[in-house]
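Asks: Each chain, letter by letter, is given below.
There are 2 protein chains.
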Amino acid sequence: MADFNLIKSLKRDQGGKIVLLVMDGLGGAPISPGGPTELEAAATPTLDRMAAEGALGALVPIRPGITPGSGPAHLALFGYDPLTYLVGRGVLEAVGVGLQVRKGDVAARGNFCSVDNAGRITDRRAGRIPTDQAAPLTERLATLELPGVTTEVRHVKEHRFAVVLRGDGLAGDIDDTDPQQTGVPPLPAQPRSEGSRRTADLFNQWIAKANANLKGEPKANSLTLRGFASDPALPAFPEIYGLRSACIGVYPMYRGLASLVGMDVKDFAGESPEEEFAAVARYWNDYDFFFVHLKKPDSRGEDGDFDGKASAVAAVDAALPRLLELKPDVVAVTGDHSTPALLKTHSWHPVPLLLWAPATVRADRSTAFGDRACETGGLGIFPSTDLLPLLMAHALRLEKFGA
Amino acid sequence: MADFNLIKSLKRDQGGKIVLLVMDGLGGAPISPGGPTELEAAATPTLDRMAAEGALGALVPIRPGITPGSGPAHLALFGYDPLTYLVGRGVLEAVGVGLQVRKGDVAARGNFCSVDNAGRITDRRAGRIPTDQAAPLTERLATLELPGVTTEVRHVKEHRFAVVLRGDGLAGDIDDTDPQQTGVPPLPAQPRSEGSRRTADLFNQWIAKANANLKGEPKANSLTLRGFASDPALPAFPEIYGLRSACIGVYPMYRGLASLVGMDVKDFAGESPEEEFAAVARYWNDYDFFFVHLKKPDSRGEDGDFDGKASAVAAVDAALPRLLELKPDVVAVTGDHSTPALLKTHSWHPVPLLLWAPATVRADRSTAFGDRACETGGLGIFPSTDLLPLLMAHALRLEKFGA
Chain C
1223 MADFNLIKSL
1233 KRDQGGKIVL
1243 LVMDGLGGAP
1253 ISPGGPTELE
1263 AAATPTLDRM
1273 AAEGALGALV
1283 PIRPGITPGS
1293 GPAHLALFGY
1303 DPLTYLVGRG
1313 VLEAVGVGLQ
1323 VRKGDVAARG
1333 NFCSVDNAGR
1343 ITDRRAGRIP
1353 TDQAAPLTER
1363 LATLELPGVT
1373 TEVRHVKEHR
1383 FAVVLRGDGL
1393 AGDIDDTDPQ
1403 QTGVPPLPAQ
1413 PRSEGSRRTA
1423 DLFNQWIAKA
1433 NANLKGEPKA
1443 NSLTLRGFAS
1453 DPALPAFPEI
1463 YGLRSACIGV
1473 YPMYRGLASL
1483 VGMDVKDFAG
1493 ESPEEEFAAV
1503 ARYWNDYDFF
1513 FVHLKKPDSR
1523 GEDGDFDGKA
1533 SAVAAVDAAL
1543 PRLLELKPDV
1553 VAVTGDHSTP
1563 ALLKTHSWHP
1573 VPLLLWAPAT
1583 VRADRSTAFG
1593 DRACETGGLG
1603 IFPSTDLLPL
1613 LMAHALRLEK
1623 FGA
Chain Z
1223 MADFNLIKSL
1233 KRDQGGKIVL
1243 LVMDGLGGAP
1253 ISPGGPTELE
1263 AAATPTLDRM
1273 AAEGALGALV
1283 PIRPGITPGS
1293 GPAHLALFGY
1303 DPLTYLVGRG
1313 VLEAVGVGLQ
1323 VRKGDVAARG
1333 NFCSVDNAGR
1343 ITDRRAGRIP
1353 TDQAAPLTER
1363 LATLELPGVT
1373 TEVRHVKEHR
1383 FAVVLRGDGL
1393 AGDIDDTDPQ
1403 QTGVPPLPAQ
1413 PRSEGSRRTA
1423 DLFNQWIAKA
1433 NANLKGEPKA
1443 NSLTLRGFAS
1453 DPALPAFPEI
1463 YGLRSACIGV
1473 YPMYRGLASL
1483 VGMDVKDFAG
1493 ESPEEEFAAV
1503 ARYWNDYDFF
1513 FVHLKKPDSR
1523 GEDGDFDGKA
1533 SAVAAVDAAL
1543 PRLLELKPDV
1553 VAVTGDHSTP
1563 ALLKTHSWHP
1573 VPLLLWAPAT
1583 VRADRSTAFG
1593 DRACETGGLG
1603 IFPSTDLLPL
1613 LMAHALRLEK
1623 FGA
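Here the protein sequences line up with chains C and Z, keeping their order.
Note that the first sequence ends on residue 1625 in the numbering used here; no numbers are left out.
Note that the second sequence ends on residue 1625 in the numbering used here; no numbers are left out.
Some hints could be false.
[Stated by the list, open to error] Here are the computed lysine to any residue pairs in the SDA-like style, where the Cα-Cα straight-line distance is at most 20 angstroms:
(1) Z/Lys1566 - C/Trp1506
(2) C/Lys1549 - C/Lys1622
(3) C/Lys1622 - Z/Gly1320
(4) C/Lys1549 - C/Arg1311
(5) C/Lys1622 - Z/Arg1311
(6) C/Lys1549 - Z/Arg1311
(7) C/Lys1622 - Z/Lys1517
In short, the hints are calculated from the structure, not lab data.
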């Protein structure tokens, strides 16, 4: 992983502007033997030119063979070893729906469930109650109040929601209330240490109020909470790297992760690649580093839609000239992980990386951006956590180590 | 980094002779888009033949993206992780001008400065007094004597010099005497622990004598000391690897580093590649391992002289047959770091490596020695600290691990 103390001791205040362009799930695989991958099949004239001018490599997000979730995969791209910097499930769920999780907050994942008259669970997922029925219930829960703390509640999908407690002296080491079986009542929130006793009490008060509020609902007449977790207190990205850092992205999860590491998360209109790059242009003078997140390639990969994923990549390529007009000094185009349409899910395959830095790169012999060209590119195959120092170097933002 | 305990437990007393040929700053970059690097542009028929017979790779001196100074870059080539084995600035300055820094010695960097009648600094660099004026002053300081210890003083450049104290019970944890501002007197040497109190006292005695000696000088009438550091007590290279080890090099810094790790530093006439290889020949029967250092490629790179750097590499190539006549078993040709003429300074780009070992190498498909061929060579991209075990293996100097 990036050695944060080393980077902090070498970082310069001055240097080039860096764009980290993440096409979610970019890495792919041939859908039929001997064929191209999604990226290789996509029409990408601008990316191919950038590959010819720059250098290619491939990133290993976690460890060889390990398929990452989106949270750890992004943390790795930002330089945080995901095996060291653990973000609790409650926090990931909360930031995933756009809740802020700040220093000292405690978040949890919530499930609506069904209970009988004796309070025993009859369905742990409230019959997978559809979103249009569950969202209004979540809005009711969002109105509940607790003494001395604030609560935020947001619906996720179907029977799932997220809740965040905010106040002084909170701690997240609390056991799940989901008993993982039916026929018994939900468990109380149990503190795992003296330090989380008050937090557990507050959650139990909130659960009691929520149960009173939900009483009489046909399906979702109770709830369980899981994955209690404190703000992970990640070292601040802008301080580690000395970069004024902005996130341009549409999906709450990625905006939330950027927020957790201390980037400024920008609001803008639209969600197309053109609109995202226009947002970069709008904030260009205010930042040294832009994390730009594009979700579509992953979604099409998860659908098993090979051509759709290739088209999503081509759409990013078509919009790229807008970004290059800004004359960035360093552009890295990569993914957080691979999502081959072949597998319809995230995978462990190394992720293509294109490094474009006209003033400082040692161009390799690549002539087009593709998965296989990346695997044998001049940058080699290396951990995602080493990417940021490399981008810093190419932006001439690191002093020499030693004399 | 190389696992010294593992290597020590597996090393054989017998085996082939190894030459580590370091062309300082060898790694480069195209100076114009689409063009060759310095190494690729150089006429290197012998190196190209060795590449065809051997295998190529690329070395990362410190960590990805980190630009190394010469000291840490060489330590890494010798197998010492430069983030673990720190050599103090005073020691580097001293060995850089050819002073020996032995076990128990304490070294410091010195600056001549100007002080007013009240002893307050008016110029921290004595008006950057030129070398021809400062060198005679340093010679005067070299005559000063202290009770119970010996001192060595040598001029570096302009207002800079190095000083080494040698004796029993010395320690280098002492604060700088440079107050980093004018209008105040130099600080006394302050010990940071009880163990360095006597050493600080000795330095203060030496400073008092030096001030008396310099009194009346128009510019350099006082001095400050910085970067106090003890001999770093590096594990001995010849013991780790079981290699009788010689350094053939011209520049004091590299000779000093070789001395710090316990190699025998040989004297010889001349400084051309031919003369350095002739020195290798002269000592051939006495050693198992030769570290041969060639400075010119780095100097031309720092000048931004692309053609000059290519010529310097070609000159080494032209002399190589003299070395190969000795029938070495293993020859590694590499650099300590990259110094692209494009950047006119050290850089982070991985360093080309050619491994030639006719009896044991698995030749890759390379046909010529060049930066890009190395990045995609059969040895891969790996840390410099892993090089020595690889050379040991190719010299059949390591036993099997386990049964």
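Asks: Does each hint fit the structure? Answer for all of them.
Replies: Structure-based check of all given hints:
1. Between the alpha carbons of Z/Lys1566 and C/Trp1506 the distance comes to roughly 29 angstroms, so the proposed pair goes past 20 angstroms and is violated.
2. This hinted pair does not check out: C/Lys1549 and C/Lys1622 have alpha carbons roughly 26 angstroms apart, beyond 20 angstroms.
3. At roughly 23 angstroms between alpha-carbon atoms, C/Lys1622 and Z/Gly1320 are farther apart than 20 angstroms, so this suggested pair is violated.
4. For a cut-off of 20 angstroms, the pair hint linking C/Lys1549 to C/Arg1311 is broken: about 39 angstroms separates their Cα positions.
5. At roughly 14 angstroms between alpha-carbon atoms, C/Lys1622 and Z/Arg1311 fall within 20 angstroms of each other, so this suggested pair holds.
6. A C-alpha spacing of about 39 angstroms is found between C/Lys1549 and Z/Arg1311, which places the hinted pair above 20 angstroms, so the restraint is violated.
7. Of the pairs offered as hints, the one joining C/Lys1622 and Z/Lys1517 holds, with about 19 angstroms between alpha carbons and a cut-off of 20 angstroms not exceeded.
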